[in-house]
Amino acid sequence: MAVSADLAAAEATKVRRAAGRISHPVILGAATLTGLLSLLPLGFVVYIATTSGWGTIADLVFRPKVGGLLVNTLTLMALVLPLSAVLAVALAWLVERTDLPFAQLWSWLVIAPLALPAFVHSYAWNAFMPRFHGLGAAVLVSILAYLPFLYLPVAAQLRRLDPALEETAQSMGKRPAVVFFLVVLPQLRLAIMGGALLIGLHLLAEYGLFVLTRFDTFATAIVDQFQSAYSGPSANLLGGVLVLLCLGLLGLETGLRGTERYARVGAGAARRRGRLSLGKWRLLALLLPLIFAALSLAVPVLTLARWLWSGGAVIWRFDFIMPALGQTAMLALAGAILTTLAAVPMAWLSVRAPGRVQKILEASHSYVGALPGVIIALALVTITVQVALPLYQTVATLIFAYVLMFLPRALVGLRTSIAQAPVELERAAASLGRPPIAAIWQTTVRLAAPGAMASAALVALGITTELTGTLMLAPNGTRTLAMRFWSYTSELDFASAAPYALLMIVLSIPLVIMLHMQSDRVEQA
Amino acid sequence: MTDRLPLVIGALLALGFSNPISAQEGPIVVYNAQHETLAQEWATAFTEETGIPVIIRQGSDLEVANQILQEGANSPADVFLTENSPGMALVDKAGLFEPLPQDILDQVPAQFRPADGNWTGIAARSTVFAYNTDRLSEGDLPKTMAELAEPKWQGRWAASPSGADFQAIVAAYLVLEGDEATLKWLEGMQENAVIVRGNRAALAAANNGEVDGALIYHYYWFGDQAGTKESSGNTKLHYFGNQDPGAFVSISGGGVLKSSQHKDEALAFLRFVTGKGQDVLRDGTSFEYAVGVDHEANAALPPLAGLDAPEIDPTQLDTVKAAELMTEAGLL
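Sequence order for the protein chains is W and A. Taken in order, the first sequence gives residues 1 to 525; the numbers are from the numbering used here. Taken in order, the second sequence gives residues 1 to 332; the numbers are from the numbering used here.
Just so you know, not all the hints are guaranteed correct.
[Stated by the list, open to error] Computed beta-carbon distance windows for the label pairs: (1) W:132 to A:179: 38 to 44 Å; (2) A:155 to W:59: 44 to 50 Å; (3) W:131 to A:103: 49 to 55 Å; (4) W:54 to A:151: 34 to 40 Å; (5) A:282 to W:135: 42 to 48 Å; (6) A:299 to W:287: 26 to 32 Å; (7) W:63 to A:179: 14 to 20 Å; (8) A:179 to W:396: 29 to 35 Å; (9) W:132 to A:151: 24 to 30 Å; (10) W:298 to A:154: 37 to 43 Å; (11) A:299 to W:387: 51 to 57 Å.
Calculated directly from the structure, the hints in this document are not laboratory data. All of these numbers come straight from a predicted model, not from anything done at the bench. Glycine included, C-beta positions come from ideal geometry on N, C-alpha and C.
Can you make the complete structure from the sequences, with help from the hints?
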C-alpha cells in the first residue's frame, strides 16, 4: 500500500509540473516581506559580529564555556526530541486507536499542560523536589511542558488516516505491529517533524525553565551576558551561534519531512476506524497517561494551590491584577491575529510551491523562533532608538516582536491544514474564472481556517506567558501577568505570585479548548 | 465552535480595551532595578503625599543602566533606582545624571554616596556567608573571602555570579585587590563554587546541605527567617568584618536623569526616598539597611556601623571590567 502512496506522490508532482502552478506573485511578495522583516534580528547579530572583529569573536565564542553550552544544548535536544516523539505517538495511539478507558478524558488531560507556562512547570518542580536539578530535571520538565506540541498534530493525523490503507495491509497478512510500523508511522512523519521542530525551537530559546532546573544552555548564557553587559558583543555572538544551531535543526527537519502528498480527494470522508482491543493490557496501558498527567498537571497544580492557600486573601490585589489581566489578553489577541495573518503566505508557499526560494524564505520565518526574546528585543530596541524613535516602547513594536517570535508556531498549524486542502479545488476555482488570490481565498484558506484558529491559539498561548521581550519593549506602565509573576518570584514572594500564574492558566484554558476542538473537527473534514 | 468565536474575541477585546496600555501617560517614569515591592511602596506613599503619579519600569541593575546609555538624551526615564552601585556608576560615567542639590545629598551621610554628588545612596546591603550549622562549626568558617578560592573549599559553597549583586562584590574585590588577584580569585571560584542563579537558590543549597555555605547578601536570609524559613532554617550568617572584600557593603543608588522633562518632580521623588521614605526600610519586609541621616535600620538587623566594611567610593566600582574578568574565568 505504501507503494500506491508513493505513486500518488509521484503523480502529484508530475501534475504540478505539467499543469503549472497558480501564479502567486502577491503571495510570494507578502512572504518575502515577512521573511525580510524576520531577518532584522539576524542582521543585527551579524552587524555586531562584523563590527566586533575576528579577535573578539574568537575570544568570546571559542572558549571552554561555550563548548560546554554546546554540549548541554545538543544533549538536551538529543534526549528531549526522540523521547517526546515516542511518548507522543504512544499516547496518541492509545487515546485515538485503542479501547483505553476514559480515552476522551485523556485526550484533554494530555494537552492541558499547554495551559501552564513552562516556567510555572519548573517553579513547581523546584518547590516539589528542591534537590532535583541538572540535565535530568531539564529533560523531564521540557517533556512535560512541551509534549502537547507533538501530541496535537500526531493525534490529529492518526484520527484522519484513511483506514482503507491499514485494512489492505492487514488483508495481505501483515500483523498489526507490522502494519503500524509500515503503514501508520510513515504517515505520521509530517506531524512528528512539525511538532519536533517546534519543540526544538522552544528548547533553544527557553530561559525560565532552565534557570530553575539549573541547566545552562545558550539562552541562559545569553541572558546572563545581557544582564551584565547588555547589548555587548558577547550576548549577540552567542545569539549568532544559536542561529547556526537553529539552521541545523531546520535543515534536519526539511530533509526528513519529504515531499509526499497527504490530502485525499474523493467522495465523502475517510471512514472512522474501529478501535483496537487492548485486552489484558488495558489497565496496564492506563498507567502511561496517568503518570504523564500526574507529573505534568498534579505537581504544578498542587504547588500552585499550596502557594494560593498560604497567601490567603491579601494576595488578591485586584487593583494590580485586573489591569495585568486586561493588558495580557489584549496583547495576546492582537499578537495572535497579526502573527497568523503574517504566516499565511509562507504556509501556502511551503505546501503549494515548494522549491529553493521557498526553503530559504521558510528558514527566515522559522529561525527567529529559536532566538531568545532578549536577542530579538535588543535588536528592536537598538533599531527603534537609533532610527525610529517614535516607535520606541510602543505597543506596535512589541506586537511586531511577538510576530517575529511566534511565526514558527503559526506556521506549523497552518502548513498542516493547508496541506489537507486539495489543490484541485484551487485549480477548479481558478479555471472557473476566479482571480488567483480569490481562488485561493475561497477554497484553501477557507478550508484551512480552523487550522488558522488553532495557530492563533498557539501564538496567543505563547504571548500570554512571554516575559523578556515584553519587559524590554513594552510601553512604560505596562504590567502583564508574566511580568508581575516574575517580579514577585524574584523577591521570593511565591504566594503573591500565585494569582498571576493562576490567571495565566485561566486565560490559556479557552485557547487549549480551541486547540482541542480544532483537533477534533479534523475527523469530520 | 466558529459560532462562538466572535463572542470569545469580543469578550477579550472588551477586557483589553477597558485597560488601554497607553492611558498611563504619567508625570514621572522611574526605571527601577530595586525590588519592585519596595519601589512600589515608595511610589504609592509619594503619590499620596504629593499627588504626582509614578510609573515604574522594572529591570535589573546593569540591564537598565545600559538601556539608559543606549537611549541617551532621548531616555523616557526621569529617575533611576538600583540595588547596587555599579549600574549607577555606569550611567554617571556617561554623564547622564543631573547633579543633585545639596539638600538631597545632605539627607544621606557621605559614606553612602559618591563623592561627585551626581547620585545618592538610598539603601544598603552587606555581603555575608550563610553557612549550614550541621556541616560547619564556627571554627571552620573562612576568615576571608579569598580563602573560598583555595582548593580545600572545592564544591563546598554556592553563589549566583550571573546577578548584578554578585558582580558588585567582584567589582569591590577589583578595587581592593587589583586585576590580577581578582582574576585569580574568580578562577578559583570557577573551580570551587556550585553555580546557581539567584541568591535564594544559593541560600537554599546551603540550607539543604548540598553545600556548606553560600556567598550572598544579608537580606535574603533575614527575609526568609521572617517568613517560612524554608530556605534558611538550618543556616546562620557569618560576617567577614576586618574590612575584608567579603565584608563589602553595597549601596543601592538613586539618581535623576539630565534628560528628564520633569526634573522638579523627579527630584522631589528622590528627596522623598532618601527622607521620609527611609521609614519603609525600617518597617517593611525588605530587610535592606536604611542609609538616611538619623534613620534607623530594621530592628532585626545588626548595626551597619559594626560590620567593619571596607571603605570604597562607589564611583570606582567598574562593572564592565568585572564582567570581562568573569567571562575570562568562564563564570559568564
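Right, here's what the structure says about each hint:
| no. | hint | in the structure |
| --- | --- | --- |
| 1 | W:132 to A:179: 38 to 44 Å | holds (39 Å) |
| 2 | A:155 to W:59: 44 to 50 Å | violated (28 Å) |
| 3 | W:131 to A:103: 49 to 55 Å | holds (52 Å) |
| 4 | W:54 to A:151: 34 to 40 Å | holds (37 Å) |
| 5 | A:282 to W:135: 42 to 48 Å | holds (45 Å) |
| 6 | A:299 to W:287: 26 to 32 Å | violated (55 Å) |
| 7 | W:63 to A:179: 14 to 20 Å | holds (19 Å) |
| 8 | A:179 to W:396: 29 to 35 Å | violated (45 Å) |
| 9 | W:132 to A:151: 24 to 30 Å | holds (29 Å) |
| 10 | W:298 to A:154: 37 to 43 Å | holds (39 Å) |
| 11 | A:299 to W:387: 51 to 57 Å | holds (54 Å) |
When each numbered hint is compared with the structure, violations occur for hints 2, 6 and 8.
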